[in-house]
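Asks: So the chains spell out like this:
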Amino acid sequence: MPDKNTDLIQGTLEMLILKTLALMPMHGYGITQRIEQISDGAFKVNPGSLLPALSRMERAGRIKAEWRATENNRRAKYYALTEKGRKALKSETEAWGRQTAAINRILEA
Amino acid sequence: MGWMRSLGKGSKALADKHARNAEIDEELEAYIGESVSEKVRAGMSPDDAVKAARAEIGTAATVREKVWNAGWESTLDRLWGDLTYSARRLSRMPALVFTVVLSIGLGIAANATIFSIVSRFVLKPPPVGDPSSLLTLYRTYNHGQCCNDFPAPLYRDLRAQAQSFSGMAAYNDAVPAEIGMQGDSKREWGQAVTANYFDVTQLQMAAGRGFNPNEEHAQVIVLGYRLWQQRFGGDASVIGKVIDVSGHPYTVVGVTRPGFHGLDQILDTQFWVPVDDLPELVVNAPDPESREMQWLHIATRLKPGVTQKQAAQELDLIADRLAHAYPATDANRGFHIERGDTLSGRDKKTIQMFLLGVSGVALLVLVIACANVANLLLSQGAQRQREMAVRLALGATRAQLVRQLLLESVLLALGGGVVGVLLSLWATYALSSFTFPAPVPTDLSVHVDWRVLLYTFALSVAAGFLCGFVPAWTASRPVVPSALKGEEALARPGRRFNLRNVLVVVQIALSLVLLCGAGLFLRSLESAANIDVGFRSRGVVMMSVDPVLHRYTPERAVQLLQQVRDGVARLPGVISATTTDGVPLSGKHRSDDFVVPGYPAPQGQNVVELFMAGPQYFETLGIPRIAGRDFGDENPTAPKVGIVNEEFVRRYLHGDNPIGHTVTGGGVPYQVVGVVKDTKARTIGEQQRPVLYRAIAQNIASDPSRDGYTIMARYEGDATTLIRAIEDQIHAVDPSLAIFHVQTMEEHMQEALLLPRFVSTLFTIFGVSGLLLAVIGLYSVMSYSVSQRTKEIGIRMALGARATEVQRMIVRGGMRLALISVALGLPLALAAAKLTTSLLYGVKPWDATTFILVPPLLAAVALIACWIPSRRASRVDPMEALRVE
Numbered sequence: 000m001p002d003k004n005t006d007l008i009q010g011t012l013e014m015l016i017l018k019t020l021a022l023m024p025m026h027g028y029g030i031t032q033r034i035e036q037i038s039d040g041a042f043k044v045n046p047g048s049l050l051p052a053l054s055r056m057e058r059a060g061r062i063k064a065e066w067r068a069t070e071n072n073r074r075a076k077y078y079a080l081t082e083k084g085r086k087a088l089k090s091e092t093e094a095w096g097r098q099t100a101a102i103n104r105i106l107e108a
Numbered sequence: 000m001g002w003m004r005s006l007g008k009g010s011k012a013l014a015d016k017h018a019r020n021a022e023i024d025e026e027l028e029a030y031i032g033e034s035v036s037e038k039v040r041a042g043m044s045p046d047d048a049v050k051a052a053r054a055e056i057g058t059a060a061t062v063r064e065k066v067w068n069a070g071w072e073s074t075l076d077r078l079w080g081d082l083t084y085s086a087r088r089l090s091r092m093p094a095l096v097f098t099v100v101l102s103i104g105l106g107i108a109a110n111a112t113i114f115s116i117v118s119r120f121v122l123k124p125p126p127v128g129d130p131s132s133l134l135t136l137y138r139t140y141n142h143g144q145c146c147n148d149f150p151a152p153l154y155r156d157l158r159a160q161a162q163s164f165s166g167m168a169a170y171n172d173a174v175p176a177e178i179g180m181q182g183d184s185k186r187e188w189g190q191a192v193t194a195n196y197f198d199v200t201q202l203q204m205a206a207g208r209g210f211n212p213n214e215e216h217a218q219v220i221v222l223g224y225r226l227w228q229q230r231f232g233g234d235a236s237v238i239g240k241v242i243d244v245s246g247h248p249y250t251v252v253g254v255t256r257p258g259f260h261g262l263d264q265i266l267d268t269q270f271w272v273p274v275d276d277l278p279e280l281v282v283n284a285p286d287p288e289s290r291e292m293q294w295l296h297i298a299t300r301l302k303p304g305v306t307q308k309q310a311a312q313e314l315d316l317i318a319d320r321l322a323h324a325y326p327a328t329d330a331n332r333g334f335h336i337e338r339g340d341t342l343s344g345r346d347k348k349t350i351q352m353f354l355l356g357v358s359g360v361a362l363l364v365l366v367i368a369c370a371n372v373a374n375l376l377l378s379q380g381a382q383r384q385r386e387m388a389v390r391l392a393l394g395a396t397r398a399q400l401v402r403q404l405l406l407e408s409v410l411l412a413l414g415g416g417v418v419g420v421l422l423s424l425w426a427t428y429a430l431s432s433f434t435f436p437a438p439v440p441t442d443l444s445v446h447v448d449w450r451v452l453l454y455t456f457a458l459s460v461a462a463g464f465l466c467g468f469v470p471a472w473t474a475s476r477p478v479v480p481s482a483l484k485g486e487e488a489l490a491r492p493g494r495r496f497n498l499r500n501v502l503v504v505v506q507i508a509l510s511l512v513l514l515c516g517a518g519l520f521l522r523s524l525e526s527a528a529n530i531d532v533g534f535r536s537r538g539v540v541m542m543s544v545d546p547v548l549h550r551y552t553p554e555r556a557v558q559l560l561q562q563v564r565d566g567v568a569r570l571p572g573v574i575s576a577t578t579t580d581g582v583p584l585s586g587k588h589r590s591d592d593f594v595v596p597g598y599p600a601p602q603g604q605n606v607v608e609l610f611m612a613g614p615q616y617f618e619t620l621g622i623p624r625i626a627g628r629d630f631g632d633e634n635p636t637a638p639k640v641g642i643v644n645e646e647f648v649r650r651y652l653h654g655d656n657p658i659g660h661t662v663t664g665g666g667v668p669y670q671v672v673g674v675v676k677d678t679k680a681r682t683i684g685e686q687q688r689p690v691l692y693r694a695i696a697q698n699i700a701s702d703p704s705r706d707g708y709t710i711m712a713r714y715e716g717d718a719t720t721l722i723r724a725i726e727d728q729i730h731a732v733d734p735s736l737a738i739f740h741v742q743t744m745e746e747h748m749q750e751a752l753l754l755p756r757f758v759s760t761l762f763t764i765f766g767v768s769g770l771l772l773a774v775i776g777l778y779s780v781m782s783y784s785v786s787q788r789t790k791e792i793g794i795r796m797a798l799g800a801r802a803t804e805v806q807r808m809i810v811r812g813g814m815r816l817a818l819i820s821v822a823l824g825l826p827l828a829l830a831a832a833k834l835t836t837s838l839l840y841g842v843k844p845w846d847a848t849t850f851i852l853v854p855p856l857l858a859a860v861a862l863i864a865c866w867i868p869s870r871r872a873s874r875v876d877p878m879e880a881l882r883v884e
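Just so you know, the protein sequences line up as chains A and B, in that order. Counting from 0, one number per residue, gives the positions in the first sequence under numbering that gives the first Met the number 0. Counting from 0, one number per residue, gives the positions in the second sequence under numbering that gives the first Met the number 0.
Hints are computed from structural coordinates only; laboratory data are not their basis. Here a beta-carbon is modelled for each residue, glycine too, at the ideal position from N, C-alpha and C. Please note: incorrect hints may appear among the correct ones.
Chain A is nowhere near these chain B residues, computed Cβ spacing over 12 Å in every case [what the hints assert, rightly or not]:
hint: 1; residue: 30
hint: 2; residue: 36
hint: 3; residue: 52
hint: 4; residue: 69
hint: 5; residue: 285
hint: 6; residue: 306
hint: 7; residue: 312
hint: 8; residue: 382
hint: 9; residue: 746
hint: 10; residue: 806
Calculated cross-link-like contacts (lysine-lysine; reagent style DSS-like; alpha-carbon spacing at most 27 Å) [what the hints assert, rightly or not]:
hint: 11; chain 1: A; residue 1: 76; chain 2: B; residue 2: 38
hint: 12; chain 1: B; residue 1: 308; chain 2: B; residue 2: 347
hint: 13; chain 1: B; residue 1: 308; chain 2: A; residue 2: 76
hint: 14; chain 1: B; residue 1: 347; chain 2: A; residue 2: 76
hint: 15; chain 1: A; residue 1: 18; chain 2: B; residue 2: 308
hint: 16; chain 1: A; residue 1: 18; chain 2: A; residue 2: 86
hint: 17; chain 1: A; residue 1: 18; chain 2: A; residue 2: 83
hint: 18; chain 1: A; residue 1: 86; chain 2: A; residue 2: 63
hint: 19; chain 1: B; residue 1: 639; chain 2: A; residue 2: 18
hint: 20; chain 1: B; residue 1: 11; chain 2: A; residue 2: 63
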């Protein structure tokens, strides 16, 4: 059985994280699960990619973090969107929309 | 403020890496825990859930490393790790560290010292407000030739007409005065300035104020900080007090800030008075209405918003207008602008050329040092090939290895930088102790300041990269299988020409250039010291007084000098005594154009040096008389008489007997009554100049000296005792007279030799440094060569070679390098020597003695450097060599 390509398109991980957090604050595993669910298993995010991305985004001020108890009574780091992150999500969504529209026009030509 | 958050979090993580790693681990554990919980909820058994969760995540350490690497602090952390590793490694190699640090230290000390001079005279802004808008103006002649001073009317015209400047001040730069309180008088040097001088310079005062606009004619004075400290005890209450300035009462209104001694780089000015006071303070003050007398310097401020180019354009227009208004004096004249407080325009080019040349030589020393260090590091690198191979095999990248090795080089170079700064502190202290022969006090002190430290740091880092990059690159490129087996020496048997040998050849060749330069300058100094100056250079003491500053009339001054001379002549130990206006080779010089009726004017220059001489002048200075008589107590009102030297006779009277002829200079006729031998007048290296000696008694009234008069005594016995006796004699005549420039003729001659002495000292130090470095380089290469050939040598000896044969083989290899170096270096040295022509006295740039002696010296030193390793080579134990296999 050939390996299914579940890698994200390069550079889109941070955008997906922003979108996921726009709904509600989540911890790392929660983000992974959500992306996998919504994509019907098309994308699997591993912590080796997720955690560095979260660290970079926190440094950049797009998300903020706090330690809270999970529903399983375990202490975990919850991430939430900041106003700056909300703006970034909007601009990246628009950019992505333009790119995919352009690609579709080429494919339909 | 994203970067501030990143900076804050990164710094915190760096400060406590352990805590940061713990946080990452905790987050990772939470992630795994949540994953397990979710899988159990989905029906998986706890054990299976744990296995599955961990399989999804992969290696925890890998994730931790990835998160850590996401921050900028990880780069710094890696660098710090390499740094501490390098420091630990270096501390296990003290011999290498010592050699490298000393090598680079010498190179950097040379550069730091020269840069201190550059910083002092070229880069350092004056201690005035906003130095960037302060300018100095000069007057040009013959369509652009620089640089003259300004007549007073021209200054007033410029001040009135120019719109580009917010203020324009003028000053006369060297004004002597006796400054005293309660009878304690001392001679000091100051400047006469326009009342707006302190406004234009925007100078902050240490006490009091500058001049007010309405004080152009007032008897007010501003003291220099040093003068205030030394003569007035730093007393703040001196402000408002009246002090005696050359017999006139002056009110002290202010004290300048520390470090300010006027806008001239070199003059050590210690007081300022209004420029209109000049006539009462000095004899022959310039005529403030003359457009021909050029005696004022101009300092000016650019108006805000005006560029220097715009100001220059306006000045060109003004020059045209003035040329039309005053064609006799202002035609073909222009103006030149310089940054304020740069070196005087006429000195600037010469000094800059000199500094450029010396900087080049200092960099040459550093290049030799770097070649030396590169050689040592290459040798080290060769010995570490096995280590490098192992690290490469274990996964290190070449970039990592190069970075770490470069870090070692830079660490060593910074150590050298520290040594260099310490050496340059000593060198600048030594330089500041040189004193130039000059009638006015000078400030030529040099210090190590922050600019020098910054330059030194940059040079150290650059040297580290320069020295270290090639060795680092080479060392990180071993042949893995051979290095692991320790077979480096045999891996490339055909290579004899390699980088280490090239570096040694470069070092020795450049050292040859430096040594030849040093040889030339030492020969030049010897030649200069042996130049026949034409007068007695030992057994004479002298000191000066300035009766004019004590309000003596010319007649009374003549009587004073006669009394003093007569008294001194009678002192025990004095053979003869005399008076003069300027001692030869003292930087004072007066001259005039001369004509002789019945003889055509000489071709080219017709300027004659003028000296005033009292009775017994020529006997005291040991200048032989050739014809006629000496001066007696000449009658001040009789026709003037003069004594000429041989050069004057040759040039003006074609060798005819001049006795009885009348010669005219500056409109004054002199009857020639004697002829004396030629002497040097201004500088030791000059061609003979025509000289006319005037009777001092006849000329004090008509042409007084602004620099006072000197009593000279030829003596036997102890100079110190005699100096005190002469001082007592002077004060017996007038207790209030200030005495200055107390000196023996030997001391005076040493000052006159300053330039050749300075240059030869400088180049000798450079030459010896270069030689030392080159020898270290050659020695280290030969030592390395021996260590690499241990097996070969052992086998040879096992097969019957004798110790002497092994030694000869090693020495031959080293000497071949040395001879190649000499062959390459000699043409370079000959070319470089050509550049030094203007600084040499009595020595040709291609001096046979220098170029015949230096190469053998270098070869001899090289031989010693080769011989020591070769002796070690001959002691190789054959069994030890074989065991290495």
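Asks: Each hint should be assessed against the structure and marked as holding or not.
Replies: A quick look at each hint next to the structure:
1. 30: Not fine: 5 Å to the nearest Cβ puts residue 30 of chain B too close to chain A.
2. 36: About 4 Å separates residue 36 of chain B from the closest Cβ of chain A, which leaves it inside 12 Å; violated.
3. 52: violated, 9 Å
4. 69: Violated, because the least Cβ-Cβ distance between residue 69 of chain B and chain A comes to about 4 Å, which does not exceed 12 Å.
5. 285: holds, 72 Å
6. 306: It holds; residue 306 of chain B is separated from chain A by about 44 Å at its closest Cβ, greater than 12 Å.
7. 312: holds, 52 Å
8. 382: Non-interface label on residue 382 of chain B holds, nearest chain A Cβ at 40 Å vs cutoff 12 Å.
9. 746: holds, 71 Å
10. 806: At about 63 Å from chain A, residue 806 of chain B clears the 12 Å cut-off, so the statement holds.
11. A:76 with B:38: Holds: residue 76 of chain A and residue 38 of chain B sit about 20 Å apart, inside 27 Å.
12. B:308 with B:347: Holds, because 21 Å separates the two Cα atoms, which is no more than 27 Å.
13. B:308 with A:76: violated, 64 Å
14. B:347 with A:76: Outside the cut-off at roughly 69 Å; violated.
15. A:18 with B:308: violated, 60 Å
16. A:18 with A:86: holds, 11 Å
17. A:18 with A:83: Holds - the C-alpha atoms of residue 83 of chain A and residue 18 of chain A are around 13 Å apart, at most 27 Å.
18. A:86 with A:63: Holds, because 14 Å separates the two Cα atoms, which is no more than 27 Å.
19. B:639 with A:18: Not OK: residue 639 of chain B and residue 18 of chain A at ~109 Å, beyond 27 Å, violated.
20. B:11 with A:63: holds, 17 Å
Of the numbered hints given earlier, the model fails hints 1, 2, 3, 4, 13, 14, 15 and 19; all others are met.
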